[in-house]
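Asker: Here is how the chains run, residue by residue.
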Amino acid sequence: MSESGSTSVLTKTLAGAGTDTGPGGPGGGRVRRSLDGAVTPLRGLAGLAGLVVLLEVLPHTPLVSADYLPPASEMAEALWHLLAEAAFWTALGDTLTGWGLGLAIAVVTGVVAGIVIGSVPVLRAVTSSTIEFLRPIPSVALIPVAVLLYGTDLRSKLLLVVYASFWQVLVQVLAGMQDVDPVADDTARSYQLGVRGRVRYVMWPTALPYVMTGLRLAATVALVLTITAELVIGAPGLGNQVAVAQTSGAVPRVYALVLVTGLLGVAINLVARAVERRVLHWHQSIRREG
Amino acid sequence: MIRTTVLTAARRVLLVLGMPAVLFAVWWFATADSTDFYVPPLATILQKFGEVWTVERLLSDVVPSLIRLVAGYLLAVVVGVGLGLVVGMSRVVRDVLEPVLELFRAIPPPVLVPVIMLFAGIGDTMKVIVIVSGCMWPILLNTVEGVRAGDEVLSDTCRSYGITGVARLRHLVLRSASPQIVTGMRQALSIAIILMVISEMFAAINGLGFTIVQFQRSFAIPEMWSGVLLLGLLGFALSLLFRFAENRVLAWYHGLRRAQRNP
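Chains as they are written, first to last, in the working numbering: chain G, 1 to 290; chain W, 1 to 263.
Bound-form chain W, shown alone (with noise of 0.2 Å):
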């Protein structure tokens, strides 16, 4: 009984690390002897990785970019839920505005980068307001697709109970829509990180692109790529903190499709 719970746990830690440790493998040993300038020894960046990302680089780098990331996003979704309630639970509201939002939706966001610029300048709020131009789109739509897809007798029941108001807005429509603004919030962070990093590329003292950026114009390789990877374990870790909280928030959900598929 004991063997076979190992046997298994066992078996789960290889399949969840097997790949990832061969792949990492390839990488250390195809470099280890590379003398390509562009292309160093694994083992050359992760020494670097130490080095150069310290507490104080991360205080005065990272922390700074995190912040922004952080600030834009949230706000993103405070106006995108809010406008998109207003938007989707109005007929003539939609129809209006559906064609000039589609618009703005389709207008690939780091384009604003420039736009945004010559009205903010090239400070913190520039950068802030760009995370949110391009990260509400996705959040606004899908909340009132969600708004209007709402169950009609849920909604009916709602009437005749007499929930209106506040009451029916948090149980019933931010309830029922919650599944499809949580998609749009899923898009919408990994647009975050582009415009996060992009926005640092054009103009700034500080932040991880621009730091990744100024390694690489000093051909500072190693340090460029510890910088690369650096960016890549954020976006890993900021899509597992948000699944963990997806979850959380969408448990009854995802039960709920769970005892529909398997009845």
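Extracted from the complex, chain G is given alone in its bound form (with noise of 0.2 Å):
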């Protein structure tokens, strides 16, 4: 097996271990793509044109009742009132406080445990089993527990984030320690790098693509736990307004905070992307791209 061919399957299990960056992209020269590059804008705005447009007539159509579903202008009128609202940056503020923080938290205790656990083989073979069985443990699993012990305070939202965040960064950065190269480990051996010198400028940069596509899934993750916080427990946020929306039959207020929310998701989506194509600048997952 050539280099080259070597670097396909790493970039393929990149691929395999995110959501959903495909490896390149098949065929298509520069001169098609960039032609290509003026019109698929084109179409993904006809494509959310379509969906107001869908949206603004369903209701007025025998088939959906504009009680369920209020026409797109509703939402949009729905939306403006929200924006004017003080009470809905307050919650935007404390999803994203809650988000934040425990992503954070489990970032950082998901690399670092990662890294200690990934270079000592005995801490490997003995974790392993625990770490298999912890992981498919669902997070909403902790919901009773964490009303019991913090009711509906920040900490019961931090308790299911960084549970379920934890684990997706764990386990991308365990992969990433695995597949470091034995003869560049060796050759750092033998210049006699330390521990220290070794982790540095061996295993982190075979690991950084792995951490970041565990970063981008838990940043992910960790927006889908603060918000069942705050529409289950009834945590301050997005998630306990839907709550009290739909309790009070604000219907159209229930759509707009929905689309909040999903846009949230995009723009997670869209920074996490955006910084791992920043750091890993250097790598061929990455150049080819460009």
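Calculated directly from the structure, the hints in this document are not laboratory data.
Even glycine gets a Cβ: it sits at the ideal position worked out from N, Cα and C.
There could be a bad hint or two in this list.
[Unchecked claim] Partner residues are not named here, just some residues of chain W that face chain G (Cβ under 8 Å, in silico):
1. Phe210
2. Val213
3. Gly232
4. Gly235
[Claimed, not checked] To give an idea of the chain G side of the interface with chain W (calculated C-beta under 7 Å), a few residues:
5. Arg43
6. Ala125
7. Ser129
8. Phe133
9. Pro144
10. Val232
Take each chain as given, in its own frame, and dock them per the hints.
Answerer: Put into structure tokens, the structure is as follows:
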């Protein structure tokens, strides 16, 4: 197997581990791609416009009642009112605080634990069964525990978020540490690099693409669990706003809030991907796309 | 010879069971004389586990949950893979729908529970729809990605041999996309469990999530902990089952990867 072969396997692994960053994209020379570059966004805009039209027209037909699915114009109006409310911005702030703090804790602990466990073979062997057992435990199982211990406090949100996203990061870091080239590691040893040097110059660069994949996955999972905690436990935030709007029968408001959470998710995805591209600008998988 | 095999086997058993045993022992002894109302001794929890989760209870609460989970999950797989094939095979469709799909995928699935309750009430239908609406996105988008990244040489070969229609779909498109589809299905499984529990916490008359919340609200703490344990075991069992199925279905792919890694 040649050098390029193993590269494609690595990119495949990364793509497989992540959600949907495909390996490059087949075919299409540079010229074709730049032509498509002009058409693709237009088609995408047409798709979004189609969705809005569909949402506006559907409630006027007998297919769906406007009580359940208000026309797009009403949703837009509700969104407009929402943006003028101070309570909405506070809720958005609460959600972002829970998300950011939880994600930060999960990433730092996940990376540290991953590097320690991954660089000591004995530790890896001893902990692997425990990790495999704890990881699939659904974090929502902790909801009743969180309610009892912390109530609607920020801490109950953090418990769920950290538990769910920690494993995403840890598993990716461990996979990355396993991917370390033995020849590079042996070379570093022959040059008398200590543990710190090997972690810094051999393991970290190898694991970094995996860390980024873990970060991207964890960012999404953290948002889902933040909103869940707010919705089910009643911790302050966007999820709680949805629950309140639903019980008070403000249907357009529910849709407006759902749209906001969706846009928040899109924004988080975009930022995570931009960070990944920046941090990994030297890596083959990114260079090939450019 | 035999001695070394026995020793290796013993070592493996120790490695697999060692740490869980230690953690279990720590939990057992740390809570042994716990007087904290919220953190009862593990012995009490385990005793309650046997009392609470009787066969009747399992039939009336766990089985309905599992049926809804399986129904929603399978439906999501069918819809996700089906739509994914359509979107993935046509460049125009993909360009038009991509932003819309990205938006839908980014909506955290739990907020859809109140919306779907508007349409479908609070019955089984609502819970199945909730699970489908949350699970289908990772499957759909991974299918699209898998179809898109298919090998061009294989595709050309199929064309020269005149393999078209269903045969092409089955032997080329689905086959080459299957590793990606399985990745999507794995992500979808954990979302499915989350949504199963949440939809039952919102409104239900039976189910695992419902029962656990009932225990919590009536301050039946050891019973609640036993439910949390059961939910954890369920998540673990489902992921084992998934891995077993994946190893069978994707045996060819894992073999190929190994061959590529160690030439």
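Asker: Next step is simple, just say for each hint if it's right about the structure.
Answerer: Okay, the hints, checked on the actual structure:
1. Phe210: Violated - the Cβ of Phe210 of chain W stays beyond 8 Å from chain G, reaching only about 12 Å at its closest.
2. Val213: Holds. Min distance 6 Å.
3. Gly232: Check passed: Cβ of Gly232 of chain W comes within 4 Å of chain G, closer than 8 Å.
4. Gly235: Check passed: Cβ of Gly235 of chain W comes within 4 Å of chain G, closer than 8 Å.
5. Arg43: holds, 4 Å
6. Ala125: holds, 5 Å
7. Ser129: holds, 4 Å
8. Phe133: This hint holds: Phe133 of chain G lies near chain W, its Cβ roughly 6 Å from the closest one there, short of 7 Å.
9. Pro144: Since the shortest Cβ distance to chain W is 4 Å, the answer is holds.
10. Val232: Given a least distance of 6 Å, the restraint on Val232 of chain G holds.
Hint compliance for this structure: hint 1 alone is broken.
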